[in-house]
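Trainee: The lines below spell out each chain.
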Amino acid sequence: MRAILTIAKRELVAYFTSPVAYVFLVIFLLLTGFFTFTAGNFFERGEASLAAFFGWHPWLYLVLVPAVGMRVWAEERRSGTLELLLTMPVAPWQAIVAKFLASWVFLLLALALTFPAIVTVNVLGDPDNGIIAAGYAGSFLLAGAYLAVSCMTSAMTRNQVVAFILSVVLCLFLVLAGFNPVTDLMTRWASPALVDTVAAFSVVTHFDGFQRGVIDAKDLVYFLSVIGFALFATGVIIRGHRSG
Amino acid sequence: MIRIENLVKTFGAKRAVDGISFGVERGEVLGFLGPNGAGKSTTMRMVTGFMPPSAGRVTIGSHDVAESPLEAKRLIGYLPENAASYPDMTVRGFLEFAAELRGLRGSQKKQAVGRVVERCFLQSVLRQSIDTLSKGYKHRTCLAQALIHDPDVLIMDEPTDGLDPNQKHEVRNLIRELGRNKAIVFSTHILEEVDAACTRAIIIDRGRIVANGTPEELRAMSDLAGAVTLSAHGASAEKLSALGRVEDLNGAFRIYPRDKSRAAELAQDVVELVSREGWRVEGMFSERGELDEVFRRITLPDTVKR
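Protein chains in written order, with this note's numbering: chain A, 92 to 335; chain B, 13 to 318.
These are calculated hints, taken from the structure and not from any lab test. As the structure is a computational prediction, the values presented were derived from the model and not from experiment. Just so you know, even glycine gets a beta-carbon here, dropped at the ideal spot from N, CA and C. A hint or two may mislead.
To be verified - Derived coverage of chain B by chain A (criterion: at least 3 residues anywhere in the stretch with Cβ under 8 Å from a Cβ of chain A; other residues may be distant):
(1) 59-71
(2) 107-114
(3) 256-270
Using the sequences and the accompanying hints, generate a full structural model.
Mentor: Written out as structure tokens, the structure is:
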């Protein structure tokens, strides 16, 4: 446990000693602001909710989360520090979990900095803050799922750009499988059961409940298993590199 | 402390390490020599538990690296190739990170960091971030990391690579000093380092051990070992050839012993011949043999061999 904390602390500090963290935070906040208030027609909706805010998250994270996750392992392999880290008395799974948690905490921080959105709706109207809390929980899990996928693709290559692109593509699949225009198209030739099965793999399907304020165990299990699976795959990939 | 038995590593069809066995005890400094690509780094990566071997066993202390990796890794300090470290961290931050991963906390951590900082002369760069350091300092920072928990076993992959002559000298002295109560393995392809720091050397080529012994033993394998080089006024190759094969070196003569075990007597024979003939001696030495000649002879590909 101590090893996990030590590595996670180092990772988190590393984000903030480079300008990357600040650039990311600024872009993230600008984009959430833009999508919520301008593209999301926040004011024209005439309702006190953050639906316009959360609705964009699966798309926004599609680009931003891989940008956070791409360096996690690729950089470690490129600079040779992977060898240093894995010859310390640390089990590989501890390093994998620690690095994931550090990045996830960073994303949590980014998400926390969107608090002015909550303030805004509360000032303008009388929203259901329970729904907003559920939305944040869902958004955090959504970011975690994307991040775990990014960690996995980051372990596949030394090149951060390749890791980024692979991760965006994989996450795009996770979004599109449940994206309404795509599922509508699929119903034309596929059986409804098949469409539902495919949609069940999508983050959009499972994020929906959170946006409506419903925290369903199914959705929780979904996000946690995506994270678990991707981190497990990361372990397999890293073991593969070490075996040569 | 370190026991390696029949270690094998295959990458696809290539056998990078092909059945290597050796042991290193406390108080020994083993130099690991070989041409580039001979399997030195691969062997060290298996010893430190970074790479699982394809076959064979590595034991550190009483721990099998494959079966109880964490216990084995606790005993090892490792300086990887190119002295990799996190460029965004400060020297102090990096050493504290290493100390924490080694389970040192609080005052123990502080002490450990202080000790290696002193030992590796890092006081002046403690607050600097690693990417602003010169190569020598980067190297020493990574070496300090390997020493932070005062390990019984020290594995170093080319510890003097890229250092200037003064720094090389410092690192060699440090290795020799540390070798008094640790088991040390370090790889190099600089042969003078074997003399400067090792108690024993192993030469590997294409994944196999081709020579194993003290620096003196290895040197004795040289053709040159035991030969006498004589530069004397009036000396003639003809007369000297009675003692052994003679090579003319622009005014000096080198006489090779017919039989290596009688090398000591050759020098005596030469002295007697010189006084008998009344030659005026300008210089005379008994050759100890040259490591790089031995190295070249046993590691050259068969096609290049004479």
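Trainee: Hint compliance check: list the failing hint numbers for this structure, sorted ascending.
Mentor: Of the numbered hints, just 3 does not hold.
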